[in-house]
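Asks: Now for the letters of each chain:
Number of protein chains: 4
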Amino acid sequence: MKLYKKEKYNDLGLDTKAPSSGYRALNKDGSFNVHKENVSFFEGMNIFHSLVSMSWLQFLLVLALAYFTINLIFASLYLLIGTEHLTGIYGTTKLDQFIEAFFFSAQTITTLGYGQIAPLNLAANIVAASESLLGLLLFALATGLMYGRFSKPVASIKYSSIAVIAPYKAINGFMFRVVNPKKNQLLEVEVNVNLSLKRSDSDLRDFYSLELERSKVVFFPTMWTIVHPVSSESPIYGLNQQNLMEKDAEFIVVIKAFDESFSQSVYSRSSYKANEIKWGAKFTYLAKRDDTGLSIDVGRIDDTFEIDLNQ
Amino acid sequence: MKLYKKEKYNDLGLDTKAPSSGYRALNKDGSFNVHKENVSFFEGMNIFHSLVSMSWLQFLLVLALAYFTINLIFASLYLLIGTEHLTGIYGTTKLDQFIEAFFFSAQTITTLGYGQIAPLNLAANIVAASESLLGLLLFALATGLMYGRFSKPVASIKYSSIAVIAPYKAINGFMFRVVNPKKNQLLEVEVNVNLSLKRSDSDLRDFYSLELERSKVVFFPTMWTIVHPVSSESPIYGLNQQNLMEKDAEFIVVIKAFDESFSQSVYSRSSYKANEIKWGAKFTYLAKRDDTGLSIDVGRIDDTFEIDLNQ
Amino acid sequence: MKLYKKEKYNDLGLDTKAPSSGYRALNKDGSFNVHKENVSFFEGMNIFHSLVSMSWLQFLLVLALAYFTINLIFASLYLLIGTEHLTGIYGTTKLDQFIEAFFFSAQTITTLGYGQIAPLNLAANIVAASESLLGLLLFALATGLMYGRFSKPVASIKYSSIAVIAPYKAINGFMFRVVNPKKNQLLEVEVNVNLSLKRSDSDLRDFYSLELERSKVVFFPTMWTIVHPVSSESPIYGLNQQNLMEKDAEFIVVIKAFDESFSQSVYSRSSYKANEIKWGAKFTYLAKRDDTGLSIDVGRIDDTFEIDLNQ
Amino acid sequence: MKLYKKEKYNDLGLDTKAPSSGYRALNKDGSFNVHKENVSFFEGMNIFHSLVSMSWLQFLLVLALAYFTINLIFASLYLLIGTEHLTGIYGTTKLDQFIEAFFFSAQTITTLGYGQIAPLNLAANIVAASESLLGLLLFALATGLMYGRFSKPVASIKYSSIAVIAPYKAINGFMFRVVNPKKNQLLEVEVNVNLSLKRSDSDLRDFYSLELERSKVVFFPTMWTIVHPVSSESPIYGLNQQNLMEKDAEFIVVIKAFDESFSQSVYSRSSYKANEIKWGAKFTYLAKRDDTGLSIDVGRIDDTFEIDLNQ
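Protein chains in written order, with our numbering: chain A, 410 to 720; chain B, 410 to 720; chain C, 410 to 720; chain D, 410 to 720.
Worth flagging that the hints you see were computed from the coordinates, not collected in a lab.
Hints may contain errors.
Same chains, same label: a pair holds when it works inside one copy or across any pair of copies.
To be verified - Taking lysine-lysine and the BS3-like style, the derived pairs with C-alpha atoms no more than 25 Å apart in a straight line are:
#1 K578 - K503
#2 K625 - K592
#3 K592 - K687
#4 K578 - K607
#5 K697 - K625
With the hints as extra help, turn the sequences into a complete structure.
Replies: In structure tokens, the structure reads:
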């Protein structure tokens with residue numbers, strides 16, 4: 410006796426109770442519309458991840474600020490000990506002495522050590538020796554962060570900003586296209602397209618995995634138009650633009666690939682909402698032959714022309 | 410003629426002769442209750458692993474101690490050579506000279522090199538040149554360790570501290586829930602739950618792989634309640650709380666995921682003993698919609714309410 | 410009702426409209442004959458990838474040039490501030506002062522800091538402190554690049570420069586051979602050979618996956634002759650050298666392996682055009698037994714001898 | 410019509426023509442008995458791999474030697490320029506000057522820069538500035554090597570030095586055991602055992618994949634006895650010790666695992682020749698329960714006792 414029946418739905422891991430109209434589960438840039446509350450500081454903290462993910466401008470500002478602050482602190486320590494215990498401090502006012510101590514600190518933490526200023530007594534020597542060790546460790550950390558930032562796996566796949574419904578063989582197809590603008594080769598590229606539709610009678614959502622013309626390619630040197638043929642088995646068969654709007658349709662795209670440069674698996678995500686779909690349009694073919702091989706105009710990835718749909 | 414029959418048990422790799430009551434194969438934090446004896450120092454040693462796995466406090470203490478000790482050693486060497494072979498040593502007592510040599514060593518090993526003290530004769534020069542090379546190598550090592558510590562793959566999955574037996578459709582289910590409190594996205598999350606039960610007539614244990622409602626999700630942005638439906642095929646079908654206690658039940662959880670930040674596979678393990686299961690309780694639904702999307706109260710992961718079980 | 414039929418072609422991801430004669434989709438070195446236009450500077454940019462992929466000579470030139478340029482800039486800054494605000498500048502002409510400032514800059518950015526020249530006023534101190542921080546960060550970056558260059562996964566598989574059509578059992582076979590000249594062990598080596606043939610009546614190309622005698626080996630310590638048996642099921646069955654030329658045949662080879670040294674998956678690609686195939690030749694067997702085991706003469710990978718083909 | 414028949418042999422990638430008696434394809438430590446000749450220096454070279462794989466003693470010697478040599482070269486350069494263009498050189502003989510230049514070079518390349526010696530003219534400044542840049546780059550390289558050495562994936566699995574033929578259920582079994590002496594957890598451990606037997610009538614070898622009692626475990630915290638049941642389907646069924654010797658039997662073991670510490674797949678290989686198999690012996694059970702869990706005496710991995718075999 411079987412007491413329960415295993416449900417047949419796609420295990421995307423998104424909440425089926427997600428509320429209806431205007432809700433976007435997955436943002437265009439691949440992030441999720443989910444916020445986690447009451448995560449304790451310690452649990453949620455991932456300094457490395459933050460420092461590696463922030464923009465270069467932010468990163469450099471953080472570094473500069475840290476450098477400035479640490480030197481302020483050590484300059485204060487040297488002043489506390491007394492600048493008479495440092496050689497080569499000639500400032501007579503507290504401010505002048507502080508500034509000289511500040512730059513002595515900078516020369517110490519970077520292990521520059523010009524030597525025109527140097528520690529004389531025990532306390533100053535202890536602080537300077539500690540500071541240079543701290544400097545080396547902080548710099549070790551910066552080195553790790555630099556490497557982490559550069560070698561961070563990113564599938565920088567560029568998506569057409571809109572999807573189209575275009576004629577495909579005797580029927581029609583849902584299509585969008587992608588290209589890898591970087592020089593790194595992506596291999597074994599796999600694409601999955603899932604569709605989220607709101608039920609008309611409740612707030613619940615159904616998820617469908619869409620069958621694709623091709624879902625995997627070995628190489629990815631050119632532009633790739635991904636096609637979901639709207640056959641009679643498709644969940645959007647018989648639906649028009651208005652219907653997709655009402656059902657708050659969201660096409661969720663996940664691309665997995667192997668990045669040859671870093672020998673790493675990379676993931677890319679994006680989504681198309683109903684209002685980002687052009688009906689009766691087809692993507693322009695962009696590959697041209699020149700003397701050295703094929704050439705592709707990546708800048709025209711969104712180029713479409715109008716076309717009559719099959720009935 | 411088949412001379413033996415392949416046994417049907419789950420190849421967890423845990424000892425089936427593990428003794429009975431109160432034995433926990435897998436600790437809450439995912440470590441194993443196994444101790445290896447007579448591992449030769451060289452074989453068992455994994456300095457990198459130890460230095461990368463210890464807490465930050467321990468790590469910094471180790472570094473500070475190493476710095477201090479190495480400087481002690483080199484200061485002794487400079488004293489042995491004679492501080493008259495260093496410029497700028499003004500101490501008259503042995504102690505003062507030792508302190509000055511100590512800080513000269515610190516300035517040398519960090520490649521700070523103020524220069525107010527400098528080596529004069531061949532021996533002092535050889536020691537100083539060796540020390541600065543050693544300093545660079547130790548620092549290279551520290552850089553590697555820093556990077557290793559930060560980029561260490563950790564599936565920091567948070568488990569509900571208890572599991573529950575709650576109604577599930579027409580039957581009941583064994584349930585616990587998990588969440589990823591960090592900002593790194595985990596993808597392709599796979600969960601396996603195994604059950605270890607002591608036989609009533611011997612010290613041997615049987616291992617069962619439990620069937621799950623869902624065992625894999627593509628995304629993991631929200632909280633996930635993992636459900637083992639207690640159907641008639643379940644090894645705990647018909648058992649009550651008392652029975653599980655007697656059989657010294659241990660639910661062993663293994664979660665495998667792909668961490669997008671580091672492009673690495675990560676594993677997380679935990680276990681629930683019979684006394685960590687609440688009967689007739691259900692987890693509170695925690696997802697709420699706000700203006701920017703879903704919001705989940707991670708702090709209430711253990712929230713349950715009482716409920717009658719299905720018979 | 411099935412409205413469309415899934416096409417049976419190999420999803421290599423290469424353009425089926427690639428034009429006819431003389432076109433090579435995949436170069437000998439595994440790169441693609443595809444050029445992407447109108448990639449915005451920001452999108453296409455991948456500095457890390459470029460710096461890690463360029464030759465060592467180019468890399469060292471880039472570093473030397475960067476070092477020189479940055480020192481020029483900082484020397485100009487010190488001159489702007491006035492060299493009277495640096496100790497130890499004795500030059501009387503602008504040029505002499507510039508040269509002294511240039512080397513002071515070099516001593517600062519490398520954190521060498523001899524100290525015979527040192528900053529005196531606030532402006533000079535600010536520039537020097539900034540320069541030493543910049544130096545540390547640039548060096549952190551160089552460290553990451555060095556590591557990236559060395560640990561870059563490369564399947565340095567050496568291919569025989571030609572392929573042959575040789576007798577194979579009762580029929581003939583398309584054969585080429587590969588060897589791993591490096592000391593790193595490659596494991597779980599998988600090979601795929603695809604054939605691209607131009608249609609005689611159009612510019613379209615068909616792609617075929619070729620069946621191989623062996624497509625995967627666990628170890629790869631010796632030379633491996635990869636054989637496609639030209640059975641009646643082969644797309645080149647019944648074709649002669651002239652036919653392959655006319656059909657502009659291209660045999661596209663993809664080898665995937667696990668590099669034990671770096672614990673990474675690596676890919677290697679190459680291709681054979683019709684004019685790189687020798688008909689009626691067989692590779693010389695190169696393995697010899699000596700006292701310590703097998704020995705293979707890698708330098709003779711292209712050695713063949715003439716042989717009559719099976720009819 | 411099928412013109413050829415695909416052979417059914419195990420694709421280990423080892424040479425089937427490997428000569429007969431006394432030949433060992435795979436050494437105990439997992440290396441192959443294959444030597445590659447005429448690999449051009451450039452092709453075979455893998456400096457990173459060599460420097461990362463050599464012993465620590467060798468590595469430190471290489472570093473020390475490089476440091477010494479580079480300083481010799483730069484000392485010669487400074488002497489060539491003339492030590493009168495360096496401040497603080499007081500040596501009057503060529504040798505004294507060379508020694509002082511040597512240590513100045515050491516202070517420059519490590520970016521120590523005490524400053525008691527400093528460059529004065531253009532040539533000396535150029536050499537010193539170049540040397541400090543070189544120093545930074547070499548050190549960047551050393552940092553990468555240090556990290557590479559530490560994070561190198563090694564499956565340090567310890568094998569019993571002998572295998573046994575012991576009773577297994579109603580039949581007998583070929584058994585050996587393995588343990589992970591390190592603290593890193595190995596997960597998803599997969600073992601493959603292949604057997605190489607020389608044909609009695611020729612120099613050719615046949616390879617067989619052996620069926621195992623268990624070929625994969627999820628966890629690997631304890632010792633694992635790997636069992637090949639010698640059923641009537643086994644290639645060694647009915648053979649005795651003498652037969653295995655004559656057939657020059659070699660049991661080739663490959664273990665694949667996931668190392669949790671480094672999030673990497675690791676491989677371990679070993680082999681057992683006919684003379685490393687004890688007939689009629691069984692491994693002693695070593696797991697003991699203590700207060701904190703199981704305890705295993707790794708030092709007794711080779712412990713066996715005599716036992717009668719099943720007929």
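Asks: Against the earlier hints, flag every one the structure doesn't satisfy and list their numbers going up.
Replies: 1 and 3
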